[in-house]
Amino acid sequence: MSLHDERSFFDAFDAALAGDDLALVPWLTPPAPGLAVYRNTIVSAAIDALAATFATIRLMTGEDWFRAAAGEFARAHPPIDPALVNYGADFPGWLASFPPAQDAHYLAGAARLDWLWWQSWSAADASLLDPAALSTLPAEGLASITLGLHPTLHLASFEASIPSLWLAHQSPLRGEAHQLADAPEQILFVRTGPHVQSHLVDPATFAFLESLQRREAVLAAAECALAADPECSLPHILTGAIALGLFTTINLIPDTPR
Amino acid sequence: MTIAPAAGLGLKPQHYAEAISDTAAGAWFEVHPENYMCEGGPRHAALGAVRDKHPLSLHGVGLSLAGDEAPDEAHLAQLRYLVDRYEPFLVSEHLAWSRRGGVYRSDLLPFPRTSSALIRIARHIDRTQEALGRRILIENPSLYLSLHGHDYGELEFLVDLCRRTGCGLLLDVNNVYVSASNLGYSAEAYIDAVSASLVGEIHLAGHAPDPTLGAGLLIDTHGAPIDETVWRLFRRLVGRIGPRPTLIERDDNIPTYTHLAAERDAAASILVYTHEAALVSA
Numbered sequence: 001m002s003l004h005d006e007r008s009f010f011d012a013f014d015a016a017l018a019g020d021d022l023a024l025v026p027w028l029t030p031p032a033p034g035l036a037v038y039r040n041t042i043v044s045a046a047i048d049a050l051a052a053t054f055a056t057i058r059l060m061t062g063e064d065w066f067r068a069a070a071g072e073f074a075r076a077h078p079p080i081d082p083a084l085v086n087y088g089a090d091f092p093g094w095l096a097s098f099p100p101a102q103d104a105h106y107l108a109g110a111a112r113l114d115w116l117w118w119q120s121w122s123a124a125d126a127s128l129l130d131p132a133a134l135s136t137l138p139a140e141g142l143a144s145i146t147l148g149l150h151p152t153l154h155l156a157s158f159e160a161s162i163p164s165l166w167l168a169h170q171s172p173l174r175g176e177a178h179q180l181a182d183a184p185e186q187i188l189f190v191r192t193g194p195h196v197q198s199h200l201v202d203p204a205t206f207a208f209l210e211s212l213q214r215r216e217a218v219l220a221a222a223e224c225a226l227a228a229d230p231e232c233s234l235p236h237i238l239t240g241a242i243a244l245g246l247f248t249t250i251n252l253i254p255d256t257p258r
Numbered sequence: 001m002t003i004a005p006a007a008g009l010g011l012k013p014q015h016y017a018e019a020i021s022d023t024a025a026g027a028w029f030e031v032h033p034e035n036y037m038c039e040g041g042p043r044h045a046a047l048g049a050v051r052d053k054h055p056l057s058l059h060g061v062g063l064s065l066a067g068d069e070a071p072d073e074a075h076l077a078q079l080r081y082l083v084d085r086y087e088p089f090l091v092s093e094h095l096a097w098s099r100r101g102g103v104y105r106s107d108l109l110p111f112p113r114t115s116s117a118l119i120r121i122a123r124h125i126d127r128t129q130e131a132l133g134r135r136i137l138i139e140n141p142s143l144y145l146s147l148h149g150h151d152y153g154e155l156e157f158l159v160d161l162c163r164r165t166g167c168g169l170l171l172d173v174n175n176v177y178v179s180a181s182n183l184g185y186s187a188e189a190y191i192d193a194v195s196a197s198l199v200g201e202i203h204l205a206g207h208a209p210d211p212t213l214g215a216g217l218l219i220d221t222h223g224a225p226i227d228e229t230v231w232r233l234f235r236r237l238v239g240r241i242g243p244r245p246t247l248i249e250r251d252d253n254i255p256t257y258t259h260l261a262a263e264r265d266a267a268a269s270i271l272v273y274t275h276e277a278a279l280v281s282a
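Here the protein sequences line up with chains L and E, keeping their order. In terms of our numbering, the first sequence opens at residue 1 and continues consecutively. In terms of our numbering, the second sequence opens at residue 1 and continues consecutively.
Quick caveat, the hints were computed from the structure, so don't treat them as lab data. You may find that some hints are simply not true.
What the hints assert, rightly or not - Across the chosen pairs, the derived CB separations fall in these ranges:
1. L:127 x E:229: 52 to 58 Å
2. E:236 x L:72: 42 to 48 Å
3. L:215 x E:4: 50 to 56 Å
Quick caveat: nothing in here was measured; it's all calculated off a predicted structure. Each residue gets a CB set at the ideal place from its N, CA and C atoms; glycine is no exception.
Bound-form chain E, shown alone (with noise of 0.2 Å):
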């Protein structure tokens, strides 16, 4: 039988050997494929070995979905590349811009969520699903500026977007936190409008308040463990839509894979709990 996925991590080049060897059960892996834009090489080889033993998924961070300019066919020509080659169970991007003008900005930037941005980005979601041959999933960012000209919510507008284009949602439930906590809502409220049909995946990461700023600015490091009140909001969100594949995204300050896999079986458990819940209940 095989067992649909769980819990993940993101995967880093220091455990390439260790999620080789990893036979937990429901493992499964997220890269960037822009880290893997490279023709061959070490890197090459061992995400084949790790695609041999997991399922992998793909999460972009540079197709600038939200930008004035449409995706860049080279990049998306390299994308349907990797798609091909690794046949990931997922592929996913955010909700955010960064090219533009020739220039890569390598951040994830916010924009006014306006109706012309709203036709624009379906567009570009469109066009994106096009050229891999396959549904994608639209992660909400973090967000660290109350920008002003705002024609609709952030969970308006992705379902919005998702209703026009077919394409899912990726749910960072540390995103909702630090967005809800630097522009002042409830991450409770976001979390529970959130549409369980809608959510193909979720990610799971800490944070840090900003060093000068503290707790006044929370910034998404994907540096620390995975904060008490973000696992409260993720058992919050699965106990309502039950358990979907869950990401633990880790970027900086990585510790052994020990800590990252005992962090990943910790989002498992509470999957299965939600799971015999729901079949208790039914």
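With the rest of the complex left out, here is chain L (with noise of 0.2 Å):
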């Protein structure tokens, strides 16, 4: 190996990084400590950058428990982009198969509303649509048209109450009296202002709102609500959308019949 092969020496010193304490032995006379300052380094920026995102699984595992798994996650899988504040998209799927995670099945359903919460948060600005736009729409246009959402709102669906203890977790009582239980919930992320709001939706709401997700025209998400519960309040689903300003345009959907 040459002193001057450029593209060995960025070879060997990410095996050096891995653990390969000889691997750099052209450029560098062992011992090295100065090599664990760097492997430190790098390994506790995304256990840092985790542990923003993560917060609700932290509150849940405690610190040590948390640090340790992010850090094995953060070798298996580690950040791609210099950008850390998007780092972490795997680590709620990564937490569901490892298994000092399985006495805690919940943990990477709450993982996955810590990860919604922070798109939530970091998602484009959006101005609001204008309610009083909706009720000029004609009826035989409901086909045909459909409803821009909110850049910042998130879904998810759960076959157990983890919204539940999720939210619980961010009130100071840190959701020590809440039990999980095995009741289907679906929860809501928005943030129209500075906050992140989180709701719990009924399964009407949020089969409307999912529809609306895959662009599907008013009509249609009104068909999937009702799909869900035969009983619900059409208006009273929009009304509530409103309030939570979850739309923010009103868009034409190309080639429908109208």
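Two chains, two frames, a set of hints: combine them into the complex.
Pasting the structure below:
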């Protein structure tokens, strides 16, 4: 290996970061304690980024458990981008199959909620649709128009009451009194100002919003809501969504029969 | 009259409100653009409010200019967006690498300063300045390893990069001290050799001895007040080259804003003093 072989140097440095103390030998005479400085900084920066995003998981597991788990994740799935503010999308899925997390099967779900909260917090800002515009919609157009949803809106659905458990951990009591139940729950996150709001929603509202997220027409979204709950009230769903500021635009769907 | 940026502070999220209402003469702030590479939200709102009141500098950590891969075009585009949005008075990066093969190593890694590295890094700086439509400053990193295979000294290498690309120097005085101490050369000689015309910004920060090795290995922690040795080197530098925008960096063990502002004001008085001394002797 030549000292002037650039590519070999970078390959060797990566091997050294991965733990091979002798990988850099042409360029570095061991022992080189400075290598540990780089190794530590790289892992702890990734752990710190995850700790900022997955604040509820830190509360649930305690700081030591969290940092150990985050360190294992960071070694297996290092950041791909210097914008660490966006790091951690794979952490919830990884937790689901992380053996030490198996006793607390709700952790992966709660991590998913932390991630969605963070996505809502950092998503693009947008101005809200004037509710008056909705009242001018012609009934016969509902099959060909859709409502643009706020870019900060995120939805999640669970088979158990993980959203309630997560919400309880946002209070000063830190969810200590919450019992996990096998009841399906749906939650939404939205941010129309400085603060992310999190709300449990009923199945019909959830189905309505999910349909709009797929850019389906208002009529199709209403059918989805009714399929989820035949007793639901569409005006009630719309008023609730307007009150939360979920709509930003009215859009014509191209190529639909009118 | 607009007062030129004098001494500034690294902006921390816990200090947004105090930064916005700070009225110190010449106060300015610096952020890592990577922390603002999201689409919206409170972080951008706060940075916009700080920028409405104060000059801002963008100090990148992720371009990997010394790497064997060209700077990432998507990253450059995001940086350009932030430059256009916040109109910083300075944009800087490091003489280091971090990104390779689709993995980002969140540190500022060293490399052999060879002739081919010089050509490669000059190309990366050219591309960056072209993408941003402006000049950047390059910072000397903290070094922890005595690598073999260097064709150039660090300062010589930086000066050559400036000459080839038109970029300037961000001289981190703490990094000069940490590297000189770790690698066994004279920090004073380094400081005395810096060409005044190339320095566009100065950084000051705290360091700490390695927890196991002690003073034999100094770590650039940004987690402590600025050391007296570093203040001395700073006075020596600006006494010779004159005042430059000077930043207090603190990223760990973050104290109150008042505490950081006091360090900032101490740097500001040294800058004023050296400026007045230069006027008297002129």
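message: Please list, smallest to largest, the hint numbers that this structure does not respect.
response: Violated: none.
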